[in-house]
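Peer 1: Spelled out, the chains give:
2 protein chains.
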Amino acid sequence: MDKIRRVLLVGGTHGNELTGIYLIRRFQHAPQLISRPSFETITLLSNLEAIAAGVRYVDQDMNRCCDRAHLELPEPVDYEVRRAQEINRRFGPSGSTPADVILDIHSTTSNMGMTLILDDHHPFKLRLAAALSAQQPDLRIYSSVNSGRQQDALRSLGRFGICLEVGPVAQGVLQADLFQRTEALVQQILDVLNQQNRDEPLPTVQPVTTQPVTTQPVTTQPVTTQPVTMQPLTVYQYLGTMPYPRDTEGQITAMIHPHLQGRDYESLNPGDPIFLSLTGETLLYTGETVVFPVFINEAAYYEKDIAMVLTQRHDLQVDFAETL
Amino acid sequence: MDKIRRVLLVGGTHGNELTGIYLIRRFQHAPQLISRPSFETITLLSNLEAIAAGVRYVDQDMNRCCDRAHLELPEPVDYEVRRAQEINRRFGPSGSTPADVILDIHSTTSNMGMTLILDDHHPFKLRLAAALSAQQPDLRIYSSVNSGRQQDALRSLGRFGICLEVGPVAQGVLQADLFQRTEALVQQILDVLNQQNRDEPLPTVQPVTTQPVTTQPVTTQPVTTQPVTMQPLTVYQYLGTMPYPRDTEGQITAMIHPHLQGRDYESLNPGDPIFLSLTGETLLYTGETVVFPVFINEAAYYEKDIAMVLTQRHDLQVDFAETL
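Here the protein sequences line up with chains A and B, keeping their order.
Number 76 in full-length UniProt numbering belongs to position 76 of the first sequence; there are no gaps in the numbering.
Number 72 in full-length UniProt numbering belongs to position 72 of the second sequence; there are no gaps in the numbering.
So that you can see chain A by itself, here it is in the shape it has in the complex (with noise of 0.2 angstroms):
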């Protein structure tokens, strides 16, 4: 596979997540930071217009206009739009400088930590993951696989396209405490990318182990004595949204239920609580398998009508063996 020559990080695809926003500026001041040897990083802010006047968007979602619909529109009106064929001119595969890696930055009112997202189980992803994971065993993956990111996010422009997404913070609120964790996640990603690059080992959580030798004769096939490892990685793989109960005019009925509210990455039995309605009314998940929840009450998903991501958890082992 080729090396990675450019990385890309974004922030400010929603303009009312500041975590992504700040952490920009503050790479933009001190380049040095996100500085590595064996790759070119650069910074973007994306939805200009959405950061200046601090809401999620002007026009449309930026994170859903990255298609080849949008892209391919000609002379569109809106500012996303005409913002994503710009960076798409720029960063995307035919652009003037193709990125291969396009990292973005969102934060959201669901606690959902430090949230890797992949929209795809490329192995390159994966063990970028599992090298992740075995340094900080409280990063969470999340695996979009169906739910059309890969077709219209803003880091679909990219090779390959990786989505930070940390919380719970409020929209229009830098917290400092998540602002540092994400700081930290950013520069890990950004040395792994780096040893990856340079076929230097990746972090582990167990030992290298070395191929059982054959005991059967020697062929002239080589025999390969390269060490391998097989690292644990969990995902959580998504299944599809539960929309907020509603009445006949569409207005919400029911709340997350207070037993679920930042219950996010956690199981959700059949028959456990899932709504509170407005009439105090508790309403059970009712359907039949164990799920795992996330996004849990995200503030921009009640437009979307998303009160939650059902997701299914699945524990994967990931080969090391293979590099760049």
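Rather than coming from a laboratory, the hints here were simulated on the basis of the structure.
Be careful, since some hints might not be right.
[Unchecked claim] According to the in silico footprint, chain B covers these stretches of chain A (three or more CB under 8 angstroms from chain B):
1. 16 to 26
2. 165 to 171
3. 247 to 257
4. 272 to 284
5. 292 to 302
[Said to hold, decoys possible] Here are a few chain B residues that sit away from chain A, every Cβ distance over 12 angstroms (derived from the structure):
6. F124
7. Q188
8. P203
9. L239
10. R313
11. D319
C-beta: ideal position from N, C-alpha, C; glycine also.
Chain A is fixed; fit chain B onto it per the hints.
Peer 2: Coordinates of chain B only, in the frame set by chain A:
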């Protein structure tokens, strides 16, 4: 003093503060919850367009445009001013159905817990605050005298204006635990108003004391035999606001220090950390007196350049002998 005849409960003065909005909707569907024998209770969603758009305001902050200047503007263009005039024509002092009490329900991203805001120290309001504190020791009383709120806030349209601030909760989020606590507090307020109206004893923390029997010879002057009690009340009184550090271009260069985040109503001493700059330096509080910050890191105050509001703590004694 005249009795309270009409109480107006308001939500949605800021369209992205969902606690008040959904609480008013709940009361509109179940008016028996807020009905009390001695007065009429009415509900109002104030900033309808901002509620529909899910934003704080459409044209300007509705809670800053209820002053005389705005109310007397002929043919105003801004939605909030038109709406303020409409509300004033109904519930203002010369309105068709004037409100004796306006209780405006707000929420905040700051850790304000359950806060009652008084814009003046009218004995009626102090008794209400002390009676509520007797029932709910973690209730906080913030006094905004001299902050300008008593001239331009929506609640200033009532004979007695009172504000609830509940937090922390993100803008655009409905959080069940705070919703329930806010409802309980509104119920208590209505109960105390009803008790005041009917000259019933108010909830106290200290036993009711009878005035000492006079040892002077009986005269023709009537001797007061009414029980009196002085009740304690802690009030956090507005001193001024603290802006964010900024660079020459007006960009914010520091965040609320992690040690201060969430410490609303706690003492801030000279030399305590107050900001953490984006370059990692800790900035200290350079004031010479102990203060009590509130509204720390409120999302909506970034545009007003308020990092926090500084208050002074006063321990008062409130006379429960006087009743309505």
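Peer 1: Which of the listed hints are not met by the structure?
Peer 2: The structure breaks none of the hints.
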